[in-house]
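*Asks:* Sequence:
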Amino acid sequence: MESADNAPALPAGDALSTNGATIFADGATLVARPTPLRAALTGSAADVRIDASALAGVRVNDGDAYRGAVCDVEHSDGTLVVRFVPGDTAGPQQLDELVQALRSGRIPDSTSASGGAGAGDGDGASAGIPGFDLVGFDVETANQNWGSICQIGLVRVIDGVEVKRASWLCTPPKGMDQFDPSNVAIHGISAEDVAGQPSVAQRIDQLVDFVGDLPLVAHNAQFDATALRDACRAVGRDIPTVMFACTLAQSRAAKLDVANHRLPTLAEKFGVGLDNHHDACEDAAACAGIMVGLARDAGHEGSLMSYVHSTGFSMGVIAPERVTPVLRDRSGAARALQAELAHGGVVTPRGSNQHSPAADGSPATAADSSRPGARTAPSGEQERSARGPAPWQSVATPDTVPEPNPDADPNAPLYGHNVTLTGEFEPFDKGQLWAGIADQGGQVGKNVTKKTTILVTGEWATTTTKEKRARELMDKGQEIEIWPAQRLFDALGLEQPPF
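Note that my numbering has the sequence shown beginning at 1, numbered continuously upward.
Some hints could be false.
Calculated lysine to aspartate or glutamate pairs in the EDC-like style (CA-CA distance at most 20 Å, straight line) [to be verified]: (1) Lys451 with Glu479; (2) Lys451 with Asp490; (3) Lys446 with Glu403; (4) Lys446 with Glu467; (5) Lys174 with Asp238; (6) Lys468 with Glu481; (7) Lys451 with Glu467; (8) Lys468 with Glu424; (9) Lys174 with Asp193.
Beta-carbon label-pair distances, calculated as ranges [claimed, not checked]: (10) Val48 with Thr465: 55 to 63 Å; (11) Pro484 with Gly188: 27 to 35 Å; (12) Thr400 with Ser104: 54 to 62 Å; (13) Arg106 with Ala259: 41 to 49 Å; (14) Pro264 with Ala298: 18 to 26 Å; (15) Glu426 with Asp475: 43 to 51 Å.
Calculated from the structure, these hints are not laboratory results.
All C-beta atoms, glycine included, are put in the ideal place defined by N, C-alpha and C.
Input sequences plus hints: build the corresponding full structure.
*Replies:* Okay, here's the thing in structure tokens:
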């Protein structure tokens with residue numbers, strides 16, 4: 001380790017994600033803030049704050065491929081133990097540099113980078129939101145296969161203020177590495193640009209380390225979440241368990257006075273810089289800034305999860321079994337279960353990354369391994385994930401049918417209709433589509449019956465039993481409209497890439 005006299009100060013606004021805490025400088029004070037999971041497990045969300053004058057140094061106990069490094073930050077009142085995930089070799093060095101910078105009086109600048117969260121032009125736009133921590137996330141893809149990731153952008157936000165960015169090019173998974181001219185025309189990244197770059201598997205390892213225990217935020221997050229999971233499956237990598245929120249869903253719910261809900265429009269609305277749309281890092285920064293702007297406009301104080309829950313949505317989850325989308329939770333059950341988990345509860349929602357095997361036979365995930373940085377999963381499950389789900393799993397019918405929204409607009413396209421879905425609707429989850437139908441005042445039907453007025457047909461290899469039944473009823477005089485999937489997406493306002 002370098003001496004305090006020779007140690008460089010950490011770059012402006014830098015923060016460290018460790019195993020269980022985010023560490024940063026607040027003026028002349030070292031702060032260790034527990035992640036939501038660590039706070040839930042220990043029962044305390046209080047920061048550990050150590051004045052620079054009390055710091056004595058850092059003792060590093062190196063880790064290996066199976067055990068992360070452990071650093072003892074020694075100070076006048078004792079020792080702060082900081083643990084890192086396995087493979088994080090840069091973290092201990094950065095922690096040592098931060099401590100030595102504080103000891104020598106070279107206090108890191110805590111201002112955020114321009115263009116992202118906390119950098120807007122409106123009144124109070126630079127004000128933070130204590131506890132509002134997240135990572136803005138965006139990917140660009142080489143072709144129409146959503147797992148063909150060629151660029152990843154990440155922007156870390158702590159207390160509502162941007163503290164760090166990462167932008168990585170990568171080679172897409174083999175078999176998905178052809179660059180479609182239409183995609184290149186959008187983002188400008190070609191096969192030549194990624195030649196010699198690390199593989200997407202290596203970049204996902206870096207993503208997991210960067211994100212730590214924080215939730216992701218993306219625009220039409222189902223796309224980016226599915227892209228990440230698909231890329232993991234394509235390269236045979238463990239799928240990290242991550243919670244996420246969606247600026248598209250949140251901005252629509254906020255009923256903003258905007259022409260549309262595309263990313264550039266929302267960035268302009270909230271005074272967030274977006275000079276190079278479809279650069280993954282700039283888009284990620286815009287997502288982060290928009291989410292902070294939405295929360296600030298709502299007068300929110302607290303975590304991202306509590307903000308999302310307060311607007312009637314549950315958080316989305318990337319897990320080995322599936323991607324659970326951000327959904328409007330009219331009953332409040334999913335939000336209550338997520339909140340209970342975040343505060344140390346043991347009851348877990350169906351379909352979440354925490355659901356126990358006792359309920360539906362899905363693999364159990366221990367609390368520590370369920371954090372976003374978790375890298376392990378039952379080997380059998382990973383083998384199944386690598387091969388992909390059975391065809392019927394992608395069209396499985398959710399358990400609970402949502403009730404029609406009693407306050408829906410009578411002019412909504414699906415108002416008063418009885419709607420049944422058949423086939424596959426990737427990347428959209430059937431539960432997400434059902435929620436959208438119910439939100440417009442439509443009645444969701446699991447099967448085609450004499451009450452059915454609309455059957456929506458997704459992709460499937462053959463004519464489904466539901467479609468055959470609908471056509472039989474139509475031949476008998478029942479009025480049933482058969483819609484293609486795209487018509488439903490349009491009716492629900494679901495945008496597909498590019499955004």
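*Asks:* Hints first: check each against the structure and report whether it holds.
*Replies:* Consistency of the hints with the structure:
Among the hinted pairs, Lys451 with Glu479 is consistent with the structure: their alpha-carbon atoms are about 10 Å apart, no more than 20 Å. For the hint pairing Lys451 with Asp490, the CA-to-CA distance comes to about 23 Å; that exceeds 20 Å, so the pair is violated. As the CA atoms of Lys446 and Glu403 are separated by approximately 13 Å, the hinted pair is consistent with the 20 Å bound. For the given pair, Lys446 sits about 13 Å from Glu467 by alpha-carbon distance, which is consistent with the 20 Å threshold.
Using a Cα cut-off of 20 Å, the hinted pair Lys174 and Asp238 holds, with the two alpha carbons roughly 17 Å apart. The straight-line distance between the Cα atoms of Lys468 and Glu481 is roughly 13 Å, inside the 20 Å bound, and the hint therefore holds. For the proposed pair Lys451 and Glu467, the alpha carbon gap of about 15 Å is at most 20 Å, so the pair holds. Proximity of Lys468 to Glu424 is assessed by CA-CA distance (about 16 Å); at most 20 Å being required, the pair is judged to hold.
Of the supplied pair hints, the one linking Lys174 and Asp193 holds, its CA atoms being roughly 16 Å apart against a limit of 20 Å. Between Val48 and Thr465, the C-beta spacing of about 60 Å keeps the proposed range 55 to 63 Å intact. Under the hint 27 to 35 Å, the C-beta atoms of Pro484 and Gly188, about 32 Å apart, fit the expected range. Taking the beta carbon of each, Thr400 and Ser104 are about 59 Å apart, inside 54 to 62 Å as hinted.
Distance hint for Arg106 and Ala259: a CB-CB separation of about 47 Å, consistent with the stated range 41 to 49 Å. Restraint check, Pro264 to Ala298: a C-beta distance of roughly 22 Å satisfies the suggested window 18 to 26 Å. Range check, Glu426 to Asp475: about 31 Å between beta-carbon atoms, so the 43 to 51 Å window is missed.
Taken one by one, the earlier hints fail for this structure at numbers 2 and 15, listed in ascending order.
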